[in-house]
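Given the sequences, and given the hints that come with them, work out the whole structure.
Protein chains in written order, with this note's numbering: chain A, 1 to 216; chain B, 1 to 421; chain C, 1 to 326.
Since the hints were made in silico from the structure, they are not lab data.
Please read all numbers here as calculations on a predicted model, not as lab measurements.
The C-beta atom is built at its ideal place from N, Cα and C for all residues, glycine as well.
Be a bit skeptical, because a hint or two may be false.
Stated by the list, open to error - Derived list of chain B stretches under chain C, where covered just means 3 residues or more per stretch with a C-beta under 8 Å from a C-beta of chain C: (1) 191-202; (2) 211-218; (3) 224-234; (4) 257-271.
Read off the chains here:
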Amino acid sequence: MQNRRDFLNLLCRGTILTGLAATTGVLAYRSVKSGNCELGSSCSNCGKSDNCSLTEAVLYRSTVWQLDPAKCIQCGRCATNCVMTPSAVKATHVFAMCGYCDLCGGYLKPDTKNISTAAENQLCPTSAIKRKFVEDPFYQYTIDEPLCIGCAKCVKGCSAFGNGSLQLQVHHDRCKNCNQCAIARDCPADAYSRVPASKPYLLQGIESKPDDKQIG
Amino acid sequence: MKKIFALVFLVFLFAVQFMNAYGIQRFPKPEFESGYVQPETLMPNPRAEVLAIMDIVVLIFCLSVVSWLVIKKRSRNKVFWMSLFALAYFGFYREGCICSIGSIQNVTLALFDTSYFIPLSAIIFFVAPLVYTLFFGRTFCAAVCPFGAIQDLVAFKPQKLGARLNAMLGVIPYVYLGLAVLYAATGTDFIICRYDPFVGIWRVNASFGMFVFGGLLLVSGIFIARPYCRFLCPYGVLLNWTSRFSRKHITITPAECIQCRLCKNSCPYDAIDMPVTGKNPDDKRTMGRKLIFITFLIPVLMLVGGWTGSRLHEQLAGVNGKVKLAKQILNPVSDKNQAETFEMEAFKSAGKQQSQAFAEAADVLHDFYIGGWILGGFIGLVFGGLIAGLLITKHHTDYTPNKGTCLSCVRCVDYCPVKVT
Amino acid sequence: MVNIDVIMKQKIIILAALTVLLVLIIFAVKDFFFSKPGNSNPYEFELDKVRTGDTSMAVWAETHQFKTTLEEIHGITTDASGTIYISGKDAVEMLDAEGKETGKFPVEGTAFCIALNQEGNLLLGMLDHIEIWNNAGKQLSRWNSCGSDAVITSIATRGNNVFVADAGQKVVYRYDKKGNLLNKIGLKDPATGVPGFIIPSAYFDLGISNDGNLWVVNPGRHSFEKYTFDGKILTSWGKASMAMEGFCGCCNPSNFAMLNDSLFVTSEKAIERVKIYNADGSFNSIVATPDLFEPGTKGLDLAVDKQNRILVLDPVKLMVHVFEPK
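Set out below in structure tokens:
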């Protein structure tokens with residue numbers, strides 16, 4: 001009786017172990033052996049990233065959450081739905097795209113009478129955009145990152161009236177990289193996705209900064 | 001020669017395309033005369049990848065040490081200190097991500113969706129505790145999981161619930177697991193993470209609702225020890241079943257049980273099987289009848305469950321984003337005063353075809369139809385098992401920890417008067 | 001007795017704790033299956049408020065919409081016979097005054113702007129160079145590239161002079177008819193008071209008034225600047241404002257056309273509107289308000305035909321809006 005039970009136990013243990021090993025094997029093979037390619041489904045001639053000769057293919061070993069500014073509709077949920085307060089999503093200024101305008105649609109309220117830095121003229125609910133005179137007629141606009149709540153008001157203003165140099169991005173020093181991003185779940189535009197940690201930004205107009213440490 | 005020509009032409013076309021895009025998109029930077037230097041766009045780096053390996057190392061270290069403390073040292077005190085360490089590291093330092101409970105969903109999604117990239121740490125966090133449990137019992141629950149650790153701290157006045165109540169509440173984790181797998185497999189949501197009660201506490205930063213959720217759970221945890229672990233945790237289901245076949249397991253007594261009953265009230269989790277001697281286990285006729293009843297009951301319950309699940313598949317799929325969108329396209333906001341939903345606004349601005357959105361939703365609905373059958377059948381099986389468990393009483397003589405539900409916390413050991421000889 | 005009390009108390013405690021647990025579970029289930037994400041944005045940018053213009057002020061009414069068959073359209077011009085020329089991706093299309101297609105010919109690349117010279121030939125701005133075509137679809141000549149950074153956004157011609165607006169290099173070129181560069185206009189020069197063009201986005205228009213001078217939009221300064229053909233600045237006007245009287249956004253107007261040789265018809269992006277200004281820069285009237293266009297429409301090129309109708313090219317709806325006085 002005791003022997004039979006022990007044998008059954010052993011059998012079950014063996015089965016579970018085999019099952020676990022098989023699952024791990026299949027998943028770990030994909031994760032470790034070949035890594036993953038950031039080209040993803042956009043590249044059709046793949047299957048074996050080991051033999052890939054394309055230079056633009058980037059292998060990665062982990063992912064982070066990021067939103068695609070091209071899809072963003074500035075609904076404001078990035079500010080309200082992040083598990084962090086304030087949100088880990090921040091307006092990010094791509095200076096290379098900025099027109100350095102005096103009349104900045106992302107900085108000033110649309111009905112502003114006079115262009116000035118007065119608080120009642122500022123579009124940003126937390127006054128997180130700093131305006132600095134560069135030279136006639138250019139002004140530099142900088143996001144005061146800790147003050148920004150990621151509401152996308154300036155993003156909407158900039159894309160409507162300007163060049164779209166203000167864009168929302170998940171800032172990875174603040175993002176907890178939740179297993180399932182709470183904003184991604186509620187994003188109406190489906191703009192969020194897991195992106196390679198080696199290329200963690202999806203800004204329009206500039207190449208995201210590649211980080212050597214991250215490339216596996 | 002032809003090939004080269006074609007290639008050159010292609011490159012030329014590409015260049016023209018690029019020029020166009022370049023000309024319009026990255027439109028001219030102002031020419032500054034004052035020597036102004038353009039600042040760099042702020043892009044903070046994510047957490048270094050090496051640290052993910054550290055997580056794995058710490059996990060394996062904790063599992064090994066705790067298993068050794070439970071099986072060999074049999075020391076509640078040391079296990080307690082290890083649990084504090086796990087609470088500090090996996091809870092407050094790693095802030096709850098990655099965790100083994102949530103990794104069920106990563107593994108499921110990776111199995112069903114080959115385009116999903118599963119990080120190595122998620123695989124290890126899923127597999128390692130199960131493997132350790134298969135050999136040493138639920139030592140992961142004892143002092144590695146931060147969920148268990150924080151609930152253990154508040155279990156001041158644990159009350160006995162009784163076998164029946166325990167068994168009935170014990171069904172909830174199975175349902176939770178089934179739903180979590182269904183929603184992860186269909187790529188809808190990670191519900192375990194969504195209703196993670198303690199993540200706000202780890203991060204000391206969450207919405208009011210999340211704090212209330214975690215706080216109330218801890219309050220109920222004063223009287224019902226480890227309510228999450230026993231009556232909610234979906235990973236606990238897997239650990240429960242692997243632990244039943246574990247090679248070694250904590251024992252209350254290091255030698256022979258002397259039936260002194262001193263340990264009877266020591267377990268806050270009602271995980272000690274009392275001796276059952278009242279009924280005659282050898283009554284083969286009653287036993288046989290019960291067995292026949294159960295063999296009939298379980299398939300019936302599974303069928304009924306599966307059918308119900310498949311009937312409910314539209315309701316289950318209702319939370320899927322694609323299905324939601326398709327519904328909104330079918331029933332647009334009729335009221336003029338009501339603003340268009342953000343989803344519709346985004347859909348329109350993306351310029352996707354309606355037919356494509358419907359086709360995607362139909363795919364998801366089909367998945368949920370099949371998933372509904374499986375989930376329903378699984379829940380039917382669980383209820384069948386519950387009834388079987390309540391009907392059949394196993395005969396045994398000693399006070400032993402139940403291998404399935406015992407969390408290896410080593411509290412009972414201190415109550416046993418028998419010492420190693 | 002004491003014992004029973006203890007048991008009762010214990011049961012109540014268990015019941016209470018279990019209730020809390022069940023309430024939490026019910027709450028989670030309700031939240032998951034029955035909650036909807038809110039559809040209000042506490043940080044809403046009330047763009048629609050700005051975008052609605054006062055239509056009662058409009059003294060012009062839309063009378064026709066001419067559809068085009070091109071897949072991408074950028075420039076519009078008309079000739080003395082009333083023919084409308086539309087340039088765009090890979091082709092130029094011709095419509096008669098009633099909007100009926102009378103011809104179409106292919107070009108290589110995208111013609112971002114179009115102008116007619118006195119011989120009735122078409123000058124096309126092809127990103128970085130000018131091409132001259134006749135209206136039968138034959139390429140007559142192709143000028144040298146203005147440079148790799150060039151983005152040609154507008155052409156105007158009078159007599160022997162061809163003026164080309166290059167938004168990429170922020171300058172206006174004056175060529176002769178053969179394509180020889182005569183001089184550059186608008187380069188910043190504090191000595192002569194030329195402020196230099198500020199062009200944050202690829203919209204930069206010019207035109208010639210009947211007094212024989214060149215008008216150039218300086219979009220970043222929200223102004224019109226008047227130059228002699230030699231590049232001497234004469235005057236400028238313009239006001240930055242979201243209100244009707246001014247030019248909105250970072251850089252506007254995006255396009256303009258001359259009406260009756262003395263009035264300026266202007267179009268703006270961001271707040272898509274078409275307005276008329278007097279020659280002295282004072283606000284005259286509204287032609288089209290934003291509700292006529294899709295939000296985000298950019299590059300409403302303008303032309304005035306021989307019947308003095310205002311033609312507005314709509315690159316998003318791919319059509320020409322025709323306006324006549326009410």
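Violated hints - listed by number, lowest first | 4
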